[in-house]
Structures are given as structure tokens and as C-alpha cells.
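Q: Construct all of the structure, not just a fragment, from the sequences and the given hints.
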Amino acid sequence: MTVQELPGAASYRFTPPPAWKPRTDPAPLLPDPEPFRVLGTDAAAGFAPAVLRRLYAELVRGRRYNAQATALTKQGRLAVYPSSTGQEACEVAAALVLEEQDWLFPSYRDTLAAVARGLDPVEALTLLRGDWHTGYDPREHRIAPLCTPLATQLPHAVGLAHAARLKGDDVVALAMVGDGGTSEGDFHEALNFAAVWQAPVVFLVQNNGFAISVPLAKQTAAPSLAHKAVGYGMPGRLVDGNDAAAVHQVLSEAVARARRGGGPTLVEAVTYRVEAHTNADDATRYRGDGEVEAWRQHDPIKLLERELTERGLIDEDGVREAAERAEAMAARLRERMNADAVLDPMDLFTHVYAEQTAQLREQAAQLRAELDAEAEGDER
Amino acid sequence: MTTVAAKPATAAKPATMAQALQRAMRDAMAEDPTVHVMGEDVGTLGGVFRVTDGLAKEFGDDRCTDTPLAEAGILGTAVGMAMYGLRPVVEMQFDAFAYPAFEQMVSHVSRMRNRTRGAMPMPLVVRVPYGGGIGGVEHHSDSSEAYYMATPGLHVVTPATVADAYGLLRAAIASDDPVVFLEPKRLYWSKSDWSPDAPTAVEPIGRAVVRRTGRSATLITYGPSLPVCMEAAEAARAEGWDLEVVDLRSLVPFDDETVCASVRRTGRAVVVHESTGFAGPGAEIAARVTERCFHHLEAPVLRVAGFDIPYPPPMLERHHLPGVDRILDAVARLQWEAGS
Chain A
259 MTVQELPGAA SYRFTPPPAW KPRTDPAPLL PDPEPFRVLG TDAAAGFAPA
309 VLRRLYAELV RGRRYNAQAT ALTKQGRLAV YPSSTGQEAC EVAAALVLEE
359 QDWLFPSYRD TLAAVARGLD PVEALTLLRG DWHTGYDPRE HRIAPLCTPL
409 ATQLPHAVGL AHAARLKGDD VVALAMVGDG GTSEGDFHEA LNFAAVWQAP
459 VVFLVQNNGF AISVPLAKQT AAPSLAHKAV GYGMPGRLVD GNDAAAVHQV
509 LSEAVARARR GGGPTLVEAV TYRVEAHTNA DDATRYRGDG EVEAWRQHDP
559 IKLLERELTE RGLIDEDGVR EAAERAEAMA ARLRERMNAD AVLDPMDLFT
609 HVYAEQTAQL REQAAQLRAE LDAEAEGDER
Chain B
53 MTTVAAKPAT AAKPATMAQA LQRAMRDAMA EDPTVHVMGE DVGTLGGVFR
103 VTDGLAKEFG DDRCTDTPLA EAGILGTAVG MAMYGLRPVV EMQFDAFAYP
153 AFEQMVSHVS RMRNRTRGAM PMPLVVRVPY GGGIGGVEHH SDSSEAYYMA
203 TPGLHVVTPA TVADAYGLLR AAIASDDPVV FLEPKRLYWS KSDWSPDAPT
253 AVEPIGRAVV RRTGRSATLI TYGPSLPVCM EAAEAARAEG WDLEVVDLRS
303 LVPFDDETVC ASVRRTGRAV VVHESTGFAG PGAEIAARVT ERCFHHLEAP
353 VLRVAGFDIP YPPPMLERHH LPGVDRILDA VARLQWEAGS
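Note that the protein sequences, when read in sequence, are chains A and B. Under our numbering, the residues of the first sequence are numbered 259 to 638, in order. Under our numbering, the residues of the second sequence are numbered 53 to 392, in order.
Rather than coming from a laboratory, the hints here were simulated on the basis of the structure.
If you only want the chain A side, here are some residues facing chain B, beta carbon under 10 angstroms, derived:
1. G393
2. E398
3. A402
4. C405
5. F451
6. A452
7. D605
8. Q617
DMTMM-like cross-link-like pairs, simulated, lysine to aspartate or glutamate; straight-line CA separation at most 20 angstroms:
9. A:K425 <-> B:D84
10. A:K425 <-> B:D114
11. A:K425 <-> B:D118
12. A:K425 <-> B:E83
13. A:K560 <-> A:E582
14. A:K425 <-> B:E110
15. B:K109 <-> B:E83
16. A:K425 <-> B:D113
Listing some non-contacts, in silico: residues in chain A with all C-beta distances to chain B over 10 angstroms:
17. A277
18. A308
19. Q326
20. E634
C-beta: ideal position from N, C-alpha, C; glycine also.
A: So this is what it looks like as C-alpha cells:
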């Protein structure tokens, strides 16, 4: 039964008491009906050539990184790799719009964003290789650990940005999440806290169409994920996630807004996961080749390359140069990843507590004895 | 390591546990500007138990913050604040209200140090008013300590005296690791000779204490069950039993040394807690004691725990909570098992 069918519903009017008033006019908070685009539009002409060239180089490198990491999975060098092929524009733009003092909060698919921010490619893969959970010092790089539980890193981003603002520091946090993650409670709580506290945070939703196998239509009934922003009192922006210039522009504006005290923004980038969820997934069970092919035609590298070529900002040599640089990166990565990780089993007990408990000291002694016995056995 | 901070020696006034906890936060906030108190109703109202009373007024809304009503959000944002170098002290209003935050607790709070190889410690305190005996309705009286104890990376402490409430909370806030600070809510208004005006000691986390010496058997307990055990020990004298009472204070890390030294002296042990018995804290404690003291034991280690039921409605809770009689019955069974 709908509200209209309820007896007396027609005469029902909610009359708020005098003190009630809406916090903001919701109209400016609503996203555009169509994803914002730059490439192939008049807006592209005004876009800084240096930024476009930088984006292109990073996209090409990122695509090669994804391919190399996927190959390493097949060789057993990585336990798993959730590829962001097709989504590189989001990954790269997220990294490039941040200042050095800003923080990035990536999800498990966002290795590329961390690498584009300057993280050592091998350190970025530690989690996925399986030698430790996080291979880098988050404070040194201002990149939070790659987060596997969905959306739980979003409240961390809010808390960190809030803390930085309390201290008077100029810090913006950019938190990344997928379309599936927007259904989680932590997504809601993070957005609500961010808006109430007016924290300098940007939420980037990479809507790549599927949460493993579940399509967006079964994930949400909202007109777009960007629409979710309005209920929290923050602007929602809808952007073509394969248009690197558009993502860069929308995120830059959101970051600038956060930096000047304007509060959080929710950005939905509409993109597509060209590869399967991970190597353990069979994507043919839930989507057809035609759909994937259509998205391949709307490829972020192709879109940008066309723009650069038409405007004479890149020639064949430039394209080849970018490809060669990417190939060199892949070769270095391959070489370094083919060396076995050096592990110390005693590390198991080292970082559980600041000071080891008596219980852990006992267990460490037990493992030490087992290792010594193993070593002795090897010698015999 | 027991440090004593000198306070102006004015007329000593007895204080409640709630006041001692409030004083601990106030002192910590005054000494360290990175200490932030946050939670639902902790500001203007001073908390539903008034434990944070006056902190917002004294330190401002930014240091003592009324958050939106969302436990995962409260703990999740506290994680981010700790990542930036603050020391959040989070209040979960009631034991069962903390469950939405459990994912943050297990997936992030407890393991952030470990997953970052020590690069990113989590110096935060989660204060959880817990346990029954106050006539609370459903979801207001759970004893959730076993869940936290089973999560590596967390410290789990629970004071039973007013002095410990101050001393342990100061230590918890000073700790570089996350501490789940379980406050026995039925002891919030218990008074003692501890005074906020007198010198106050900071108690190190991880040390149990013998509250009463005896020779017949050891009662191993903590938090809300300590006063019950002390009463049982007094009553046991009429039966000719001289009971020792050990207050654990810290469930993680566990003080095997103090507990086992006591059991070796007495040869008998009963673990007493409100939490359910099956897979409860007592199961772990009994196993540890048996493993370490088997040849000193004259009887099996017994447990007097809450029944294995969802926490009952308030009009029935007295049947669920371990009381003096149930403890004395267990002690009697120890005598029988020993053949005496």
C-alpha cells in the first residue's frame, strides 16, 4: 500500500514545528543528469596541455602495470590481483589531484592510484603477494593501507581529515570506494559524519558496473550513486570515469572546495571493469562480450590519445615514447617480483602490541625452537 | 610501575567510580592536547551515566565531541583521528550498542599496528559500560568481554574499584595500543575511600591483584563480580572456608603469574563472572590454570557464570547473575571433589 492509498493520506500534510528548517537548498547538491565530460567537447580546448600529457603518460604506464601484475598472478608471483584495467583514468586522476600533504584512502582495487601517487610498485604489491599486509609506511606516503573490507576505510578518511583540520593543517583526504561499497553501512556513516563535521574529504565512487557479479541495478534503486550525496547535505557530482580530463577536473574542484573549508563532495565516476573481478572470477557468467566490447571502444587511453592527436599535442613518437617508458617499468617490476620475498617468521609476534605480552613471548619462544629444530634438520 | 602524581591535598571526599573515570579523562586531557573524547551524548549531557560530565565545557566541543548516532562511524572516524596522531577516547553508550562498531574493532582497530608492521599504532580507548544488575531493558546489560578477548591486538581491562577506575583509565589513555575499557555499570555509583583530591596512582595494564588472602580456595574474578566474591568470601568464613580473591583487572594481557601463584597456594579455584559460561572468559581461565597448576590442584577448576542465554529481562536478571549462594555452592563442590 502506498502513501496515497492510505485512508486520509490526501489530507495529510507534515507540518514541522517552527524551529524546523532544512539545512541547505538541495538544488545545488543534485548531480548533473548526464556524466560530466571534457574530452571530445568544447571544454577540452581550454584544458591545460601539460595536465593532459601527464595524464596520458600515467594512463599508459598504469595500463601496463595492470597487465604486468595480472601476468604475475598467472605465474604464481601474486596471490591475487584485482585489476583496474579500464578504470585507469579514475586511479590516475585520484592520485594526481592531491598535494603532497594530502592523504589517499584506497580500496583493494586501487593499487594503481597508490603507485601513481609515487609509491614503490613492489611495496604496493606486498599485500597481494602475501609477504605482509601493508608493505609501506602509511605516514611516510600519506597513503592508508589498501583496504579489503568494503567501505570501512571511508570513516578513517573522515576522522583523519577532521583531525588535521582541528590541528590547523592544510590536508585533504580522498577516499576511494566501489559501487558495491556504497551499500555498506560504513559508507553511509562516513558521508554523514563528513557532512556534519564539514570535513575536508572527497569520496570517489568508481562505479564499474559490478560488485563481483552483481550489477548496479541490483545494488541500488537510486537514479545515480551521486544522488546519494543530497541526503547528507553535500554536493554529488557525476562524471565520465573513462574521461581522464573530466575526472581530473571534477576531483580537482572537489579537492579545492574541501581545502577552502567547503566540506565534502561525493563524486561518482561511471566506468567499467574490463577484466574479471580477480583471477578467481569468471566474468562470462554474468556479462556478455558485446557489453565489454562496447566499453573497450570507450577506453580511457583511446579517448585521451584521440584528443591529444587532434590538438597536435602528441605525435607517433610521443605515443611510442610513452609505451616504451611503460614497458621499461614493467620489465623492472617483473625482475624485482621474480626475486623471492625475504621473510622472518619471528615478525609474526613483533607488531601485535607495542610491548610483547608474556603470552606472545612464550609463543615466540616456541616458534623459535621449531625454527631451530628445522634448521638443524636441514643441516643433517 | 606505579607512578604517583601529586595533587593538591585538600579535604578528601569519597568519590564514585563514575567520578573517578571522569577525573581520569580530565587529567589526561589537561596533560595531553591530543586526547579527544567522543561519542553519542558525551558533550552537553555529559553522557547518559554522566561519566564525561563537564569535559565539553572545560575543553570545548572539539575535544569532547557529541557525534552523530552511529557506532561504526564513531569508532571508524576515531581510527582516522588516531592515524593522524590524536588519542581518541570513544564512548559506546551501552555494551550491546557497540556491536555495529565490531567490524571496525576487529578489522582495523585491533590490527592496524600489525598490518603496517608497527608503522601505524592505534592509541585509542573504547569505553564500554557493560554488564547487568541495573534493571536495564533488553540490549543494555550484555557482558561482551569474550568477543574482545578473542581479538588479538586489543587490550581488555575492567576495573572493579574506584581507585582502579582512575588508575587503569589513565594507563589505557597513555597506552600506544587500543584498549577496550569495560566499565561495570552497576559499580558506577559505588563509593570508596578513593578521593579525586588525594594523590592518584596510575595502574599498569596487565597486573591482577589479590584483594583478599585465604588458604582454602581462590575465587578468580573481575569487574562487577568482585564485590559479590568479596561478600561470598566473608560468608564462607561461617563454613570454615578461608577464600582468597583475585581481581584480574586486565583480561588481556592475562596475568598468569598472580593467578597461578594464588591457585598453587590454595589448590582450588573457582572462576566467577556474569558473562555466559560456554566459550566464555572462564573457559579460557580454567584451561590456563589447569595447564599450569594441574599438579597443585585438589579439584577441577569450576566456573560460576551467567547462564548460556541471551541476557534476561530485568525482572529475572537476579536468577541469571552469579550471586553469593551460587559461589558458595561451587566452593562446597570443590570440597566434595577433593573428598573432604
